[in-house]
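Number of protein chains: 2
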Amino acid sequence: MSSFSVTILGSNSALPTSERYPTAQIVRVSERFFLVDCGEGTQMQMRKHKINFSKIDSVFISHLHGDHCFGLIGLISTLGLLGRNKPLYLYAHADLEKILVPQLAYFCDELPYEVKFVHLSYDEPVVIYEDKNVIVKSLPLAHRIPTCGFIFQEKEKQPNIRKEAIFKYELSIKEIASIKRREAYYDASGELVSQDELIIEPPKPRSYAFCSDTRYYRKIIPYIQEVNLLYHEATFLHELKTLAKSSGHTTVKQAATIAKDAQVGKLILGHFSNRYRTLNPLLQEAKEVFENSVLVKDGEVFSIEN
Amino acid sequence: MSSFSVTILGSNSALPTSERYPTAQIVRVSERFFLVDCGEGTQMQMRKHKINFSKIDSVFISHLHGDHCFGLIGLISTLGLLGRNKPLYLYAHADLEKILVPQLAYFCDELPYEVKFVHLSYDEPVVIYEDKNVIVKSLPLAHRIPTCGFIFQEKEKQPNIRKEAIFKYELSIKEIASIKRREAYYDASGELVSQDELIIEPPKPRSYAFCSDTRYYRKIIPYIQEVNLLYHEATFLHELKTLAKSSGHTTVKQAATIAKDAQVGKLILGHFSNRYRTLNPLLQEAKEVFENSVLVKDGEVFSIEN
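Just so you know, the sequences run in chain order A and B. All the letters of the first sequence, read from the start, carry residue numbers 20 to 325 under the numbering used here. All the letters of the second sequence, read from the start, carry residue numbers 20 to 325 under the numbering used here.
These are calculated hints, taken from the structure and not from any lab test. Among the hints, a few may not be true.
Which copy? The list can't say, so a pair holds if one copy fits it or any two copies do.
[Stated by the list, open to error] Straight-line alpha carbon distances no greater than 30 Å define the calculated DSSO-like cross-link-like pairs of lysine-lysine that follow:
1) LYS199 with LYS135
2) LYS223 with LYS199
3) LYS199 with LYS279
4) LYS156 with LYS67
5) LYS238 with LYS193
6) LYS156 with LYS193
7) LYS176 with LYS74
8) LYS316 with LYS67
9) LYS193 with LYS151
10) LYS74 with LYS279
11) LYS69 with LYS316
12) LYS74 with LYS105
13) LYS117 with LYS187
14) LYS117 with LYS135
15) LYS67 with LYS279
16) LYS117 with LYS156
17) LYS74 with LYS117
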């Protein structure tokens with residue numbers, strides 16, 4: 020199966036520590052690497068976790084709070100010093116362009132590549148990126164400022180033809196292509212041959228949803244239904260649900276409820292408030308609602324599996 | 020003796036790695052902490068090396084290349100989240116204010132303290148900061164853009180009065196104050212008493228000079244003459260002296276020559292080019308000219324001694 024994984028580069032809320040950097044993740048789909056959020060220190064975390072800088076062409080920024088984007092200027096500058104010449108696409112709120120362009124003009128006036136700004140909209144989920152392997156959709160969330168999560172969906176692969184069938188029916192290339200498109204196939208005697216005899220079903224497309232920052236927001240459930248892996252912010256324990264709501268964040272219990280109701284495969288949680296010295300109570304609260312829950316750590320890699 | 024030390028938070032040149040962060044140092048004089056340069060990740064390095072955020076009131080920025088200042092916006096934001104209410108002074112090129120103010124307006128609109136910009140001049144060394152323990156002077160360097168080093172000088176302490184002298188001559192508080200100012204003292208019989216009998220000389224004031232980034236620039240020598248500790252950039256080995264000059268940097272040999280000719284106590288070197296996989300040749304080149312040379316590492320603390 021081709022690679023589909025998430026590497027956690029930073030998992031803390033607004034106040035970073037030396038152990039937990041602000042939010043940043045690498046989503047790898049086959050040989051393509053996507054950067055999701057870019058808190059301060061993202062480029063150092065990329066070095067530490069051996070992410071190839073040249074493989075990143077697209078950066079998705081959930082929202083314009085500093086802990087999700089202060090690492091951009093350093094990363095952009097470094098990519099220039101490394102001699103990059105292909106464009107870098109930044110998917111973010113339109114304000115990012117206004118903020119970054121003067122900084123680029125001052126600090127990166129000889130940048131050897133182009134930074135292309137793609138402005139996100141926040142009304143409803145839309146496809147913002149597509150290539151032969153993956154579709155990326157924005158997922159509007161409910162935070163204090165315009166915020167989008169992102170859904171990464173593998174594209175459905177064509178089925179493989181069974182070798183026995185190729186020999187038995189002496190299939191031509193044209194016939195094979197037609198069968199791969201799941202068109203009906205009749206043998207020499209005019210009998211319909213069953214799909215089962217002809218093809219091997221491809222693995223089911225996998226999916227990953229990133230949801231940070233947001234208050235408890237049940238509207239996302241239909242869009243993340245049955246994703247294999249869900250990252251959801253979980254800033255506070257449920258005893259602080261009032262603070263969570265007023266600050267536009269989610270409690271662990273709420274995040275786990277979203278995971279349960281959306282019937283996701285696995286839930287990974289991050290963006291914890293610095294008030295928690297030990298995180299065990301958070302894990303416990305999550306597991307009470309949704310057993311397959313994990314608290315992320317910087318540097319962890321989650322393989323996305325069916 | 021009171022504390023006077025330098026903590027290296029970041030020591031790399033423009034391209035940070037996971038081992039060497041971009042330039043930042045903490046200069047500690049007694050209970051006061053000064054931040055010199057603030058590359059990306061400085062706040063995380065401060066956490067890692069247990070620097071008390073509330074003890075920093077002044078930040079000195081040598082020049083406006085990203086590897087010396089991209090950590091400012093994150094640090095300023097964090098200080099706000101930590102509830103700081105006293106002003107933070109930023110000593111830097113006037114352009115920093117133009118660049119940072121729009122970012123502060125966007126990202127830190129509810130900052131509970133004031134950021135005060137102090138614009139440096141680049142013509143000649145001037146006193147830019149003074150308190151009861153220390154004087155800080157700017158030291159114009161020769162880089163591609165306006166750049167200042169910084170010299171930290173302990174203030175001369177008053178001598179202590181010998182206890183024996185207080186009893187022998189029955190010194191009044193007024194007389195003690197006069198003797199501490201090194202004024203002549205005559206005993207009851209009108210005889211001049213020698214200074215040696217009256218006072219214990221205070222420790223000689225210590226000094227630290229920070230010089231980065233700069234090409235080989237001998238004009239600084241009179242200003243850093245006999246400093247106890249000198250940090251000097253040393254981006255390249257001397258075989259790359261042409262590149263060093265054209266890029267506004269210093270070779271190891273040149274930095275060591277500055278240290279030797281200025282008769283400094285100890286030389287610490289940093290800001291190495293990423294091309295060097297092993298740094299031993301750099302240390303060797305330095306020691307050939309100036310024996311008391313050290314290559315710095317992130318996290319190291321250098322106590323400044325007479």
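Structure-inconsistent hints, enumerated in ascending order: Of the numbered hints, 1, 3, 5, 6, 10, 13, 15 do not hold.
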